[in-house]
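Enquirer: I would like the entire structure built from these sequences, with the hints used as guidance.
If you count the sequence shown from 1, position 258 lands on 258 in the UniProt record's numbering, and the numbers rise without skipping.
It is worth saying that the hints were derived from the structure and are not from the lab.
Glycine included, C-beta positions come from ideal geometry on N, C-alpha and C.
No false leads were slipped in.
SDA-like cross-link-like pairs, simulated, lysine to any residue; straight-line CA separation at most 20 Å:
1) Lys76 with Ala86
2) Lys32 with Asp217
3) Lys32 with Lys83
4) Lys182 with Glu227
5) Lys76 with Arg128
6) Lys32 with Val71
7) Lys182 with Arg225
8) Lys83 with Gly114
9) Lys68 with Pro27
10) Lys382 with Asp276
11) Lys382 with Ser351
12) Lys68 with Phe189
13) Lys83 with Leu111
14) Lys32 with Glu229
15) Lys76 with Leu111
16) Lys182 with Glu229
17) Lys32 with Tyr69
18) Lys182 with Glu194
19) Lys83 with Ser28
20) Lys76 with Pro27
21) Lys83 with Glu40
22) Lys83 with Pro27
23) Lys32 with Ile51
24) Lys382 with Val354
25) Lys32 with Arg225
26) Lys68 with Pro33
27) Lys76 with Met35
Restraint-style ranges between C-beta atoms, simulated for each label pair:
28) Glu194 with Asp325: 31 to 41 Å
29) Val332 with Lys32: 55 to 65 Å
30) Asp41 with Glu5: 24 to 34 Å
31) Ala190 with Gly364: 44 to 54 Å
32) Pro127 with Asp325: 32 to 42 Å
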Amino acid sequence: MRTVELGDFTVGDGYRPRIMGVLNMSPSSGWKPSMHAEVEDAARFAEDELIGEGADIVDIGLQSANIKYDVLPAEKELERLDKAVAVIDEIGDDAVFSIETRYADVAEEALTRGFDIVNDVAGFADPRMREVCEDYDVPNIKMASPPDPQNPGAVISMEETFAALERGGFTDKTILDPSFGKWTPEKTFADDRERFRRLREFRAFNRPILTATNREDFLGDIAGRMENEDQLPVSLAAATMEVERGAHIIRTHDVAETRDVALVAHALGSDRLVDDDTVRVVEYTDISRREAEKQLAMRGGDDASAASGVSLSFVAEGLEQRDIDALESVCVEYDVPLAPSESAGVFLSGSVAVLTQVADEISGTSDNLTELAGSIRRAATKYADR
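Expert: Dropping the structure here:
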């Protein structure tokens, strides 16, 4: 999986989950405690209750994206940007700062004035957004969204969501947001729960994942907690599962509590990074047949349906082309699904018994493949002990 550098830390498999705290600098917000429209108040909140409580990233919004509010034009966001910049100037370098916007003009101005990340709630609907992020070579968060800045996040089915993320492509530093929440009246709690259950499938994009389910009603409904003020426990329960299912950044209004549960979930959950030497090997734990098939299909694998016997799955990065060719030859012999890619990492998947045989075959053929073989054997042993 690709990793993305954010300031002094790295986001991706093998690294601890990061916490994004929310600061809304507009006079309207879906969660009032995060709303601080004046510079002094906003800076104090960001420093004490976000950064001070463990936020790695401060996400600053200049208008509410809640569907109950009218969409403001880029000019209004630009008017409010001065105050957001003043907050950054007052705080200094204690955190990484993200600008939440749907407009390329706002993103570009923010990047020239101290922001580090673009959080695009409209998923590159503005045709210049990807270009701006590439020109400034910055990390960017792409939320699943239709190609219309007026309707961010308005995708319902998993098929729509995957198509929305693919639309407009990515930069080398794109992080994906699957778009949880009530972004359109037609979306139901059941839609969000299905998205949550299938969260691991977004790993097929080979990019870090951000989740934003904090104090969402689709969680509160499960426990009969429909007031936002009562939804912290259900939010924390979800955050632990998000980390286990592959989320690398958790966006939250409750920084201290979310940080703690994310660290515990990461420490006690499955260690996906098997090895990080010459070849970086990541085990895709708890993978379903559907996810394996999606991984193979999105990486150009020849036979996505071949994933029926999946027990172990890996992505190996850093293999040379000659290694990939040799691995592919062995995988064909053993009927092991493989999606070879020098740039995105080689994905291979199969049963413990068969992958152990593949490991035996490739061991000794080159230093890189011997290293990969060792990773497969160690994971197979761990799997047998579960």
